[in-house]
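Chemist: Taken in order, these protein sequences are the chains called A and B. One rule links them: number in the numbering used here = place in the first sequence (from 1) + 479. One rule links them: number in the numbering used here = place in the second sequence (from 1) + 479.
You can take every hint at face value.
Copies of the same chain look alike in the list, so a pair counts if it works inside one copy or between any two.
Here are the simulated DMTMM-like cross-link-like pairs (lysine to aspartate or glutamate), alpha carbons at most 20 angstroms apart as the crow flies:
#1 LYS855 <-> GLU539
#2 LYS948 <-> ASP904
#3 LYS948 <-> GLU900
#4 LYS855 <-> ASP542
#5 LYS636 <-> ASP690
The hints are simulated quantities; they were obtained by calculation from the structure and are not laboratory data.
Listed below are the residues making up each chain.
There are 2 protein chains.
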Amino acid sequence: MKRLFSICLALMVAPILFAQTIQSPDGALELQFSLGDSIPQYQLRFKGKELIRPSRLGLELFDAPSLTGGFFAKNQQTNSFQESWNPVMGEVKTILNHYNELAITLRQPSTQREILVRFRLFNDGLGFRYEFPQQPNLNYFVIREEATQFALNGDHKAWWIAGDYDTEEYKYTTSNLSEVPALFDKSYEGNASQTIVPMALQTPLMLKRPDGVYLNIHEAALVGYSAMNVELDPKSFQLKAHLTPDAQGRKGYIQTPFHTPWRTIVVAEKAEQVLASKLILNLNEPSKIANTDWIKPVKYIGVWWQMFCPGQGSWSYTDIDNVRLGVTDYKKLTPNKTHGANNTNVKKYIDFAAKHGFDGVLVEGWNEGWEDWFGKSKEDVFDFVTPYPDFDVKMLTDYARSKGVRLIMHHETSGAATNYERWMDTAFRFMVNHGYNAVKTGYVGNIIPRGEHHYSQWMINHYNRVIQKAAQYGIMVNSHESVHPTGLHRTWPNAIAAEAARGTEYESFGGNNPDHTTILPFTRLMGGPMDYTPGIFQTRLDYYQPGDSRYVTSTLVKQLALYVTMYSPLQMAADMIENYERFPDAFQFIKDVAVDWDDTKILSAEPGDYITIARKAKGKEEWFVGGITDENPRVTTIDFSFLDADDYYVATIYEDGKNAHYITNPQQYNIYKVLVNKKSKLKQQLAASGGVAISLKKADKEELKKLKKLK
Amino acid sequence: MKRLFSICLALMVAPILFAQTIQSPDGALELQFSLGDSIPQYQLRFKGKELIRPSRLGLELFDAPSLTGGFFAKNQQTNSFQESWNPVMGEVKTILNHYNELAITLRQPSTQREILVRFRLFNDGLGFRYEFPQQPNLNYFVIREEATQFALNGDHKAWWIAGDYDTEEYKYTTSNLSEVPALFDKSYEGNASQTIVPMALQTPLMLKRPDGVYLNIHEAALVGYSAMNVELDPKSFQLKAHLTPDAQGRKGYIQTPFHTPWRTIVVAEKAEQVLASKLILNLNEPSKIANTDWIKPVKYIGVWWQMFCPGQGSWSYTDIDNVRLGVTDYKKLTPNKTHGANNTNVKKYIDFAAKHGFDGVLVEGWNEGWEDWFGKSKEDVFDFVTPYPDFDVKMLTDYARSKGVRLIMHHETSGAATNYERWMDTAFRFMVNHGYNAVKTGYVGNIIPRGEHHYSQWMINHYNRVIQKAAQYGIMVNSHESVHPTGLHRTWPNAIAAEAARGTEYESFGGNNPDHTTILPFTRLMGGPMDYTPGIFQTRLDYYQPGDSRYVTSTLVKQLALYVTMYSPLQMAADMIENYERFPDAFQFIKDVAVDWDDTKILSAEPGDYITIARKAKGKEEWFVGGITDENPRVTTIDFSFLDADDYYVATIYEDGKNAHYITNPQQYNIYKVLVNKKSKLKQQLAASGGVAISLKKADKEELKKLKKLK
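Just chain A, same shape as in the assembly:
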């Protein structure tokens, strides 16, 4: 450990009894741990600048002395680590995990207890966590609050959503931290389940310092612990961990040995580097699934978006308002004739998926119980195994199999996790018996056990139980309305995607901001892939119902670009298939685009403004480029230097039309082909909330002759 230096300096007002410093492998970041007045603190510097002022560490407990002070450093260990690993699916083929580590054992003599704080300092940021060895005086404890601070040293610009125990489905607000108090109450709308935490912000929290350095605060490897919001002191710009309580206001029931999730701070001089960071993944454990052959990327369509479009479909089979599973006899009820998950419609989707090369067809509303699934605090809403009369599960799964397509299961729990846990084995066996290998889970509404939250420890354990049990059955999980991801897809790669943010569905009920998808990769996606469900071609809903004022805040081309800018190995072509049939040339991009990658280049990015990304398809010499902008039209220059030397590629360019505009003219686009090589640069105009999507394949001789070269 040549780069590590142990120093004892009186840097702060409080007398420093102990201090220890490590640097990142490249020497740019410096982490100092210190004990002033026996209180553990850390601070972080980047190229000599203070990023995180001295910030407290520790935990407050119920019915036991706090673990926040009275410590001495009993032991410290430093370590350097470097490995490369290959994710089962991902943005790149190989990930470098390289850090210097400092582990301090803190002893509290008054209680004869010891805890350990472990820091890992990467070139792209810091992770640290608390560890609690098993010991006579610390076998079980209950957390009142985590004392961890992130003391920022100025009024940073932030892309934020309000702290909440139950939902992340908010629009982002962009403001300086000092402006948060004035904007806080305006920042959120209603949700099926929400518990706002006053003056707290959710993580991943994207920050930009006045000097242009970016910070991104989150957590990694959230296991056995409640999720974190951060409380903001808008005067001192100090953030403080705020854990999610249970029904009794307790924030965690811990049995030693235990360690908390990592608290993470990604640091970058360029926004592009934030998107390229693999720090959170690196802080997660390697895969616990030995054979991952069955975990595969999924491009899918679904009986879904029609339920959000006026008059196009419903989840429910009837118009009754009171269902009792096992008692309500649907065969005797009058169908409402709008039920989307009917045999005819599903077969149509299977046919379309087969014809256009999709892996799967999601079908929502296939099972009994949708008539009163929502907002009733009902526990036994679904049994996850009983189809509606017009959904012939055997016929349809057989039919799908005959076409080389798989149906994707939908397990909406209505938040009743207790009910889901009772049914889970039966439900997963049902899936296996019918050839399903992927499930979309949902947690709409308040949680049962009542009083628990979507982010509380019991629910974190639940989500992890679902993932692990699904793995036993060979099932991939895409969970919606669950907690913010924290890189656990490294450990459980069958957790292929999640929602945990405001997705495309909101375009139909509250609308998303045009800059929404330029922020999400810097926030929600820092923790893992999102099932954002892009691909809406018919963005204006007045198409279905004259006078309907709702619209997707995006041009059609931007919808294409999202397949590249929003990384996920599970990607939906979310629109109704009839709309794809109206725009077959644009649809070609969705058919072509990869969802799993060997390489990724963040070409340009600024949160809230624009993102341009190039990705190389897994195992192929094909690249795809996606570029998006916020509400402002923009010219972006795409530098093709990521391409292989000397080769020309056919670039199929999907661009906004000259007069395209996300509100007034979203469906105007041009598609053309041109030859590019690594020296090419494309100056590309993007419409207001528009985009550009490019597919690149090596040109064959004929194409080299036929096509023009990009100037």
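We have chain A already, so just place chain B on it with the hints.
Modeler: This is chain B only, laid out in the frame that chain A set:
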């Protein structure tokens, strides 16, 4: 319905808009329902005396107008019903279910909602419940509180325990209702889980009016609803329903159609009639188990009491204090050498059971996890399928089978119902695979889901789920630390017994009062059989540890009598087998006594003082008599007129010795045989907290010659 009269009288101060009266089949009880100021009320008279003054009916809701007033009577129906039915197991072979019924449909015009109040008036009391038909304006609602009152008309004597959401394991206090405030805080001790409800009392609540009439207030058929305590107004002597809240203070999540449990008031001029009442059973639904052949009475011994006696044994296998199931490797740990559930000890119990004709051997502490099972709010305490290394489940169950004995399973949940629900199928399959057909469940400690209570709706549903799932596997359930029984063993006869009161175990930690078992049949046992675990012969614990001041507050003979006075088709001989071997003559009664009956005669009883009961064994010409007294020595006269005409019976009489005393001389007893017939009367002396136990078999010729006749 000749006995029903519809009357409209202005009986109260409030103008009576509507009144309707029914009488019990024998005409002694009269129930009047009325609407004064549109508020529903009922009152109850017995032979012209007012037992229950006008008392309000209804429910208060969350986020919806209350269902307590603003009603008119839209419809009323009367009905008379009479049937006889045979319980699968019970105190009598045939039960008469005979009542007159009044059902009033109440309409609340302001909300266009309707509820129904159904009254059933039996000769031995009243039952009533609320019914909520499915209707457009009442599909789902959340209960704030039930408004039901029981307005007593005087300062009755009460045998009571403090209201609580989590435990009934208290000593009874005997006082007038007016004295409750002064005694309330002294009435309860600590418990592993308790939530006292100020100035509330638990049901079954036994009351005695100044005129000698007994009232017993409870509930029947507690399904899908939280359990009831009753709040006392010690000045007006009004009791009011107080339901158990969940973690959020809500008392019930209801989906229509629904009906509440029955609120029950047993009425009797004699205490004996209270014990003979089958009103609560009659208000439960008939058995939902079609084939009940597998449900059988169980007399059992167990590896159990030794854990309560100093130095005699432990549940846990080691002395560690931190277990992780699946991680902790017991094979590598040092055994504590006190573990009771070891192969040698269990085989000894199996041998003893086989030798003495017991059906089963309960083994507690057989499975991994006991080291830290208690008070840690730990969720994954047990997996219910992993034995300790010294408990060879296959060998032992095979050995038991070879001896004609069955092991009884023990599922302690530590209150973690969520964990139990996850394991339940696996645990029951494990039982079936190993030949177990009965399980003792336990809920020691605070409930998980955290914030739920032992009596809250979610847990009521849980207990019922356990019973129903056990029935699917052919398993009988004896649940401990669960809710007060409410006669559901009629509907689910595999729910053979429960604890839900302060049982014998408390003799070793807090002690029971000498009058405890003279009260329990009037309180706890009104709802169903109790696994009281009598039969402690070595009552003084200084036998095990000199100087230990604890003792079972009973003579040895009283312990015998409890097998008759405390009805249960599941009865334990709770003492260690070594103690039975010391007193083989007294032990003979436990071997002989039946646990399922064709007939029962309550010979004499007064709550808190004495009980004498005679029961006729199922399918046999054998009777057993048990008599007990409180701390006072007493002479009881046993009238054998219940015997068949003309036949002489050999009575084997187990009586307290002349100087017997529950503290100073508990093990002094006499056993003698004498001939009795239906004209015989036995004047029997009972020691302080003593008893008498008698077995009666028809005398053969030799016995008629040899034995003396009782004078």
